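One line per chain: the protein sequences are F and E, in this order.
In terms of numbering that gives the first Met the number 0, the first sequence opens at residue 0 and continues consecutively.
In terms of numbering that gives the first Met the number 0, the second sequence opens at residue 0 and continues consecutively.
What the hints contain is simulated information worked out from the structure, not anything from laboratory work.
None of the values given here were measured: they were computed from a predicted structure.
Take the hints with a grain of salt, since some may be wrong.
[As the list claims (entries may be wrong)] A short, non-exhaustive set of chain E residues, derived as facing chain F with CB atoms under 7 Å:
| # | residue |
| --- | --- |
| 1 | F24 |
| 2 | R26 |
| 3 | S77 |
| 4 | T78 |
| 5 | L79 |
| 6 | L80 |
| 7 | L81 |
| 8 | F99 |
| 9 | K102 |
| 10 | A113 |
| 11 | K117 |
| 12 | E122 |
| 13 | Y126 |
| 14 | R129 |
| 15 | L130 |
| 16 | G132 |
[As the list claims (entries may be wrong)] Computed spacing ranges between beta-carbons, pair by pair:
| # | chain 1 | residue 1 | chain 2 | residue 2 | range |
| --- | --- | --- | --- | --- | --- |
| 17 | E | K40 | F | I45 | 45 to 53 Å |
| 18 | F | L29 | E | D93 | 48 to 56 Å |
| 19 | F | I45 | E | F99 | 48 to 56 Å |
| 20 | E | Q158 | F | I21 | 18 to 26 Å |
| 21 | E | H196 | F | N1 | 38 to 46 Å |
| 22 | F | R106 | E | T248 | 42 to 50 Å |
| 23 | E | D137 | F | V208 | 45 to 53 Å |
[What the hints assert, rightly or not] BS3-like, lysine-lysine: derived pairs with alpha carbons at most 27 Å apart:
| # | chain 1 | residue 1 | chain 2 | residue 2 |
| --- | --- | --- | --- | --- |
| 24 | F | K270 | E | K238 |
| 25 | E | K40 | E | K238 |
| 26 | E | K147 | E | K117 |
| 27 | E | K40 | F | K270 |
| 28 | F | K270 | E | K117 |
| 29 | E | K117 | E | K198 |
| 30 | E | K238 | E | K251 |
| 31 | E | K141 | F | K22 |
| 32 | E | K141 | E | K198 |
| 33 | E | K40 | F | K264 |
| 34 | E | K198 | F | K270 |
| 35 | E | K141 | F | K264 |
| 36 | E | K238 | F | K264 |
| 37 | E | K27 | F | K270 |
| 38 | E | K117 | F | K22 |
| 39 | F | K270 | E | K147 |
From the three backbone atoms N, C-alpha and C, an ideal C-beta is built for every residue, glycine too.
Here's the letter readout for the chains.
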Amino acid sequence: MNTFVREMRGAYAFVERNVNLIKRYWGWELVWLIYSLTNALAITYIGNGMSAISGQEIDTQYVVTYLLVGALIWQYLSVIFYAISEMIAWERWEGTIEYTFMAPVSRPTHLVGTTLFAIGYGVVRTLAILGIVVAFFHLDLGGANIPGTILMLLAGSVSFVGLGILAAVLPLLYPERGAQMTNAVAAILLLISGVYYPVETLPGWLQTVAAASPATYVIQGMRACLLEGRSTIDLLPLAFTLIGVGFAVITLGLVIFRYVERYAKRTGRLKRSG
Amino acid sequence: MSTQRLERVGANAPALEIDQVRKVFARKDRKKGKGLRRRRKEEVVALERIDLSVSRGEAFGVLGPNGSGKSTLVRLVSTLLLPDAGAIRVFGHDIAERPFEVKRMINRVSVDAAFFKKFSPIENLMYAARLYGLSAADARPKMRAIMKRLGLEEETFDQPMEHMSRGMQQKVAVARGFLTSPILLLLDEPTTGLDPHSKRDVQAFVREIRQTHDATVLLTTHDMEEADRLCDRIAILDKGRIVALDTPTGLKRLVASKDGNQPTMEDVFLALTGRTFEEAEAEEVKT
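Let the hints inform the model, and build the full structure from the sequences given.
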């Protein structure tokens with residue numbers, strides 16, 4: 000059989016399996032969607048209340064849009080991060096990890112399938128939240144650069160795929176605590192990457208850490224497109240840098256994952272319960 | 000299909016060669032010390048310099064109590080573990096050097112029917128089929144035929160697995176194992192915990208597959224009768240070591256008959272290890 004066809008069938012196995020998981024756990028999906036939606040609304044309402052809180056005249060519309068862009072982008076990027084970083088954790092929860100790892104599917108193929116699903120799922124989920132949120136707030140995106148926004152979103156996705164692979168190593172190494180550790184990684188990225196505030200508001204040492212987070216640049220680029228209408232040409236150097244960094248992180252992630260998979264096989268960690 | 004695949008793989012290589020394989024696990028020392036000594040780990044030898052060779056088309060049994068190293072052996076052959084010493088070859092391919100070639104030739108049915116429990120049998124088997132590169136068009140009729148042959152009702156094919164009995168789930172696990180037409184099938188206690196009827200169905204299917212598909216079978220079990228009934232040769236494993244290896248008749252010949260009756264495999268185990276099977280299992284629970 001043609002190797003390419005076989006690998007594509009392998010990749011599709013993960014897409015179909017994840018779609019089936021959503022169908023079978025639709026109740027959880029609904030709860031999670033409501034949580035994400037209310038979270039985005041609550042954060043955005045902080046912008047609405049800024050004048051009342053500070054007692055000063057501020058550009059509420061700008062602050063609301065600033066926060067909403069952060070909430071939606073984080074929503075999308077974190078879905079990609081979790082879908083990939085939990086690819087091992089799901090197998091452990093369901094008890095299928097041994098069957099998936101003894102199947103003749105390469106790890107890059109496993110990753111391609113998981114990534115295709117993650118991007119599709121992230122787009123659908125974020126659009127659903129956006130559709131509801133616009134009913135609560137007046138959004139003026141008349142001067143926004145939409146093609147530039149899509150470019151930045153795609154460039155940022157590459158980096159988050161890489162970060163997801165790096166975090167997926169944790170459930171492989173730590174069968175019982177690994178999944179919780181990926182939550183901590185996501186929380187740190189949220190803190191340092193300027194999702195809801197400018198990075199400059201952080202202490203100096205955290206700003207240095209923020210400079211190493213690809214999310215910092217994705218969010219800055221997205222805001223430049225949506226709030227300032229920056230042209231796509233202006234953003235190309237940043238987009239290419241992000242894509243380059245993203246592929247470097249993916250390569251590093253795959254190398255580390257391969258090493259850790261061998262370690263797990265030496266120490267007997269590829270068990271459903273660990 | 001199996002014959003063509005056998006021709007492609009090493010022409011004269013045995014189905015499975017296990018050569019001086021050793022596997023040790025580290026576990027936390029139960030005797031708690033203070034400070035750094037709390038982190039101390041002890042080594043548990045799961046397999047100690049195991050040697051065996053399984054011929055093509057043979058049904059080879061590995062018999063031993065819980066904790067004797069049977070599942071470790073199967074997980075090593077499944078490429079889920081790497082040996083600390085020694086080598087394992089499947090149709091001439093080393094599992095550490097050429098795992099993908101090995102993975103395409105094997106499949107496994109284990110004691111725990113591990114599935115996505117909210118998925119139906121069809122969804123679970125389709126996932127497995129795609130992972131092994133089968134098209135949906137080829138896999139769908141095949142999975143239905145195997146499940147029917149195993150006695151599963153057609154109306155259960157689209158029901159969530161969590162609503163099925165343990166016996167029915169295990170039959171779906173057997174169907175998954177055979178779906179990819181493996182030329183080496185690893186059966187790790189496939190009938191443990193099944194009701195007598197389901198056990199008979201699974202055993203009959205294993206015999207049928209051997210006759211019709213030219214598959215080699217490695218069966219681990221702690222069911223003496225099952226090993227006797229299904230296997231051409233049996234290795235008795237105790238504390239990670241092979242203590243005897245022969246045909247069922249040859250093993251029984253090692254033991255003098257009692258009161259004129261033919262010795263059972265339990266008599267063989269007692270004679271070779273100095274313990275009954277139950278004592279060996281109880282000992283393992285204590286350690």
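Okay, the hints, checked on the actual structure:
| no. | hint | in the structure |
| --- | --- | --- |
| 1 | F24 | 5 Å, holds |
| 2 | R26 | 10 Å, violated |
| 3 | S77 | 5 Å, holds |
| 4 | T78 | 6 Å, holds |
| 5 | L79 | 5 Å, holds |
| 6 | L80 | 6 Å, holds |
| 7 | L81 | 5 Å, holds |
| 8 | F99 | 5 Å, holds |
| 9 | K102 | 4 Å, holds |
| 10 | A113 | 4 Å, holds |
| 11 | K117 | 4 Å, holds |
| 12 | E122 | 5 Å, holds |
| 13 | Y126 | 5 Å, holds |
| 14 | R129 | 3 Å, holds |
| 15 | L130 | 4 Å, holds |
| 16 | G132 | 4 Å, holds |
| 17 | K40(E) with I45(F): 45 to 53 Å | 50 Å, holds |
| 18 | L29(F) with D93(E): 48 to 56 Å | 49 Å, holds |
| 19 | I45(F) with F99(E): 48 to 56 Å | 52 Å, holds |
| 20 | Q158(E) with I21(F): 18 to 26 Å | 19 Å, holds |
| 21 | H196(E) with N1(F): 38 to 46 Å | 43 Å, holds |
| 22 | R106(F) with T248(E): 42 to 50 Å | 46 Å, holds |
| 23 | D137(E) with V208(F): 45 to 53 Å | 52 Å, holds |
| 24 | K270(F) with K238(E) | 21 Å, holds |
| 25 | K40(E) with K238(E) | 19 Å, holds |
| 26 | K147(E) with K117(E) | 21 Å, holds |
| 27 | K40(E) with K270(F) | 19 Å, holds |
| 28 | K270(F) with K117(E) | 20 Å, holds |
| 29 | K117(E) with K198(E) | 24 Å, holds |
| 30 | K238(E) with K251(E) | 21 Å, holds |
| 31 | K141(E) with K22(F) | 25 Å, holds |
| 32 | K141(E) with K198(E) | 22 Å, holds |
| 33 | K40(E) with K264(F) | 18 Å, holds |
| 34 | K198(E) with K270(F) | 25 Å, holds |
| 35 | K141(E) with K264(F) | 32 Å, violated |
| 36 | K238(E) with K264(F) | 21 Å, holds |
| 37 | K27(E) with K270(F) | 17 Å, holds |
| 38 | K117(E) with K22(F) | 10 Å, holds |
| 39 | K270(F) with K147(E) | 30 Å, violated |
Checked against the numbered hints given earlier, this structure breaks hints 2, 35 and 39; the rest are met.
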